[in-house]
Amino acid sequence: MIWIFLLLLIAFSGLAYLGGRRLATRRSAGVRAHSRPGQHGLYALIWVGMPALVVLIAASIFSTPLERQMLAAGAPDSVTQLEPFRREAFFSDARRIGDGLEAQQIWPAPYAEELPAEGRRAHRISSALSWGGGVAALIAAILGGIFVFVRIRPDLRARNRVESWISIALFACSVVAVLTTLGIIFSLVWDSLRFFNSVPITEFLFGTKWSPQMAIRADQIGSSGAFGAVPLFAGTFLIMMIAMMVAGPIGLFSAIYLSEYAGRRTRAVVKPLLEVLAGVPTVVYGFFAALTVGPAFRVFFNTIGGWLVGGPLDGIGQYLLLVQNQMALVAGAVMGIMLIPFVSSLSDDIMNAVPQSLRDGSYAMGATKSETVKRVLLPAALPGIAGAFLLAISRAIGETMIVTMAAGLAAKLTLNPLDTVTTVTVQIVTLLTGDQEFNSPKTLAAFGLGLTLFVVTLLLNIVAMRIVQAYREQYD
Amino acid sequence: MTDAPVDIGVKTNAVSSRTERLQARLRGRYAREVRFKWYGRAAIGFALVFLVILLGSIIMQGRTAFYSHSVTLPVYMDASRIDRAYPQGANFEQIVAEQQLRRLGIQDDAQGSKTAAMKALFSSELKFQAAGMIARQPSLLGQTVPVTAPLADNADLYLKGKISQATPEDQRRISNEQMAWLDRMKASGSVRAHFNSALFTKGDSTQPELAGLLGAVVGSALMLLVTALIAIPVGVGAAVWLEEYSPRNRLTAIIEVNINNLAAVPSIVYGLLGLALFINFLHLPRASPLVGGLVLALMALPTVIIATRSSLKAVPPSIREAALAMGASRTQTVFGHVLPLAMPGVMTGSIIAMAHALGETAPLLLIGMISFVPGVPHAIDEPVGALPSLIYIWENASERAFHERTAAAILVLLAFMIVMNAAAILLRRRFERRW
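Protein chains in written order, with my numbering: chain A, -4 to 471; chain B, 22 to 456.
Worth flagging that the hints you see were computed from the coordinates, not collected in a lab. A few of these clues could be false.
[To be verified] Calculated Cβ distances over 12 Å to all of chain B for the following chain A residues:
| hint | residue |
| --- | --- |
| 1 | TYR12 |
| 2 | PRO60 |
| 3 | GLY69 |
| 4 | ASP72 |
| 5 | TRP126 |
| 6 | GLY202 |
| 7 | PRO267 |
| 8 | GLU468 |
[Claimed, not checked] Simulated pairs of lysine-lysine, BS3-like, Cα-Cα distance not exceeding 30 Å:
| hint | chain 1 | residue 1 | chain 2 | residue 2 |
| --- | --- | --- | --- | --- |
| 9 | B | LYS183 | B | LYS223 |
| 10 | B | LYS183 | A | LYS364 |
| 11 | B | LYS58 | A | LYS266 |
[Claimed, not checked] Pairwise CB distance ranges (calculated):
| hint | chain 1 | residue 1 | chain 2 | residue 2 | range |
| --- | --- | --- | --- | --- | --- |
| 12 | A | PRO111 | B | THR165 | 42 to 48 Å |
| 13 | A | PRO244 | B | ILE446 | 29 to 35 Å |
| 14 | A | ARG262 | B | GLN186 | 48 to 54 Å |
Just so it is clear, CB atoms sit at the ideal spot from N, CA and C, and this is done for glycine as well.
Construct all of the structure, not just a fragment, from the sequences and the given hints.
The following block contains the structure:
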């Protein structure tokens, strides 16, 4: 329904534009008008389209809760006495029947008879609401049209008015970005506060036991729930370190080679290829880690374990024989590969910003290229490279799919790369993709974790960008 | 130096030993130089080898999902076992399996275990095919007609060589006897390999041989449509305001810092925002392309803004000054001259942002695109699957046949992304202007 109204709205606005232009041409015949006819047309379009659009948007936002209330208000007693969860299911089926669909479940005696009548009522309510919205929008468009067509005169400063509307619209667009940030902060903080009401924040930040299973019934045993996030932080840190050990050296050396040694042709071939690594979706890396790298690493360590068993290193051999597919090393290594192009392109930019005169001075003193890189270029670029590494670290901490698919779920306090660990992001996904009950601390814990993640990555980014900025200004 | 006096010869020795020392040092320095260069080459080689392994392993795993085996058998439509009015109630698999055993000349035991084993080779689609034929043409009852249906996933995997006879029989899903039957049916031509069209024409299914990508592709397309309709106009508008209109004040500075920070917020945080704001607060439908598109639009917004700003910056100020000097207003200058000139860069940046949004997975899982959605969606406010979330779901499936299909889904996703990126590169090549 809303689509038809939107199409009508577009048609009306188009008509308003044409009408406004026409009217302006006719009324300013022989007079010198302030604005061109097209600008009058745009002015008419704004005044016809915008009030109607606002009404339509408001109607579509408020119609859903209104429809729920009206359905609940007129329902027969037997339905009203149902428990809330069943009542919602009943209304949802009534709406489905109203839309000409099948009910999703079979209802027992008193409800089955009421269902068709309720379905018709649901249909009446929803069509009344959508028609009401449409008619209100039409009235708004007509009122706007009357307002504007009376005012179209040669001396109307239509251009200035249209332009100020345009700049307001552009400003609104850039405010969306700020609103997004506010939205993130409010939604995270709000639900986190509710979480910290039931779990003290100190326990969350410093507790060392993570087992987010809550008792569903009060008398249930053994699932009191523990929300100490330290094991998750440890797992995240471990995987991040492994990833940076892979991405740091490889990314930095590729950047050095590309910016100092490679010819133009090599650069033109290699750089896009590295960018391909950056463009591959993370779920693909996750698949690669879980089904190719994980089994390969397990076979490798099991084979080494097989050699060691019975020798002087029997204990290590026994351990290696039991290594599983899911381990921190697999997730970290694959994440490191993902980060290589990120580190290398950032470092490349930063090294290119070092003035050529520094290099020339070094060459003039007889230094070789590698000596110039090591003694002059890297020290000069160090702050920038540190910033690049911090950005990569923040990327590694927030990465979700690779760890979800390859790192495992066991919350352990360990620094052993062959162990399964879990991370903050994995736990957010796990907590929110199971059975959801929105007010239990179990699901709210995900928002606590999300807030932690957001704050940490934000701080890392701010610091990193400050460093890079200061570094750039140094050579500008 | 050969005829130099003796006393100078000592000196020469000293000099030559010094030269040698210097030369040795120089050799060492040059060796280090060469080594250093090789470190760089090794790093790049390492990254590229990984790229090849990554893509190669996915192609090798996904290759076999693009063909599948189907079986065509003459079926005697036994009127005593098939109800004319309700053909879907008949146990077609049983009927076909019994007839096929008879044809192969095999006697079943008392428990009917061989019939059960034969039944397990066919997909449940067989039943729907046969029942559909009877429903459309009841006169087929009592006749023998050829029925075609896919093989079950394990039988298909065996014929593709993914289940090896060398594996001990109790560790595989298909017995030696079934393997022998399949080989005989293949030899007799009743089992044939063909292009796996189900992969591209069907929605998701719990049975691998019937599962397809179409539902997820349509879901992703709807979502991307919402994303593009929101992110591109809003992003371009914001960039135009920041680049051409904004006064240099605190508010502008805050907005700029804010956009740079948003670009680095982890994607899963956007998922949390979508869950809390769009689903729990605004009650938009869970797992719908509308919510998914909104979340991805907020995520893509900073990328679009940054790309648009840099291409607006690239338009030389002389264009603006010329337009202003001719009496154009600022809005006329921007929309009549600057923005059209910056359009190739804007489009390139937007397409790349959309390609990135297409592959994003984590936020989709949080807004509910993790549940099983059969069929093909056709509205933006009902639950759908998306390509990346389907990859995640299939990767977690226990049936082995889903693994090759996951790889195939990845190849399809990568193909879409390659097409989008190629379009962006072409646009840039074709329309890029150097001032």
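Here's how the hints hold up against the structure:
1. Residue placement check: TYR12(A) keeps its beta carbon more than 12 Å from all beta carbons of chain B (closest about 16 Å).
2. At roughly 7 Å from the closest C-beta of chain B, the C-beta of PRO60(A) falls inside 12 Å, breaking its exclusion from the interface.
3. No beta-carbon of chain B is positioned within 12 Å of the beta-carbon of GLY69(A); the least distance is around 20 Å.
4. Every C-beta of chain B lies more than 12 Å from that of ASP72(A), the closest at about 26 Å, which supports listing it as non-interface.
5. Remark: the non-interface label on TRP126(A) is consistent with the geometry, its nearest Cβ contact in chain B lying 19 Å away (cut-off 12 Å).
6. For GLY202(A), the shortest C-beta to C-beta distance to chain B comes to about 22 Å, beyond the 12 Å cut-off, and the non-interface label holds.
7. At roughly 9 Å, the least C-beta separation between PRO267(A) and chain B is not larger than 12 Å, which violates its mark as non-interface.
8. With a least beta-carbon separation of about 16 Å from chain B, GLU468(A) lies farther than 12 Å from that chain, consistent with its non-interface assignment.
9. Our distance criterion of 30 Å between C-alpha atoms is met by LYS183(B) and LYS223(B), whose separation comes to about 24 Å.
10. As the CA atoms of LYS183(B) and LYS364(A) are separated by approximately 52 Å, the hinted pair breaks the 30 Å bound.
11. About 17 Å separates the Cα atoms of LYS58(B) and LYS266(A), which keeps this hinted pair within 30 Å; it holds.
12. A C-beta distance of roughly 46 Å is found between PRO111(A) and THR165(B), which places it inside the suggested range of 42 to 48 Å.
13. Here the CB-CB span from PRO244(A) to ILE446(B) is close to 30 Å, well matched to the stated 29 to 35 Å.
14. Here the CB-CB span from ARG262(A) to GLN186(B) is close to 51 Å, well matched to the stated 48 to 54 Å.
Against the hints set out earlier in the document, violations occur for numbers 2, 7 and 10.
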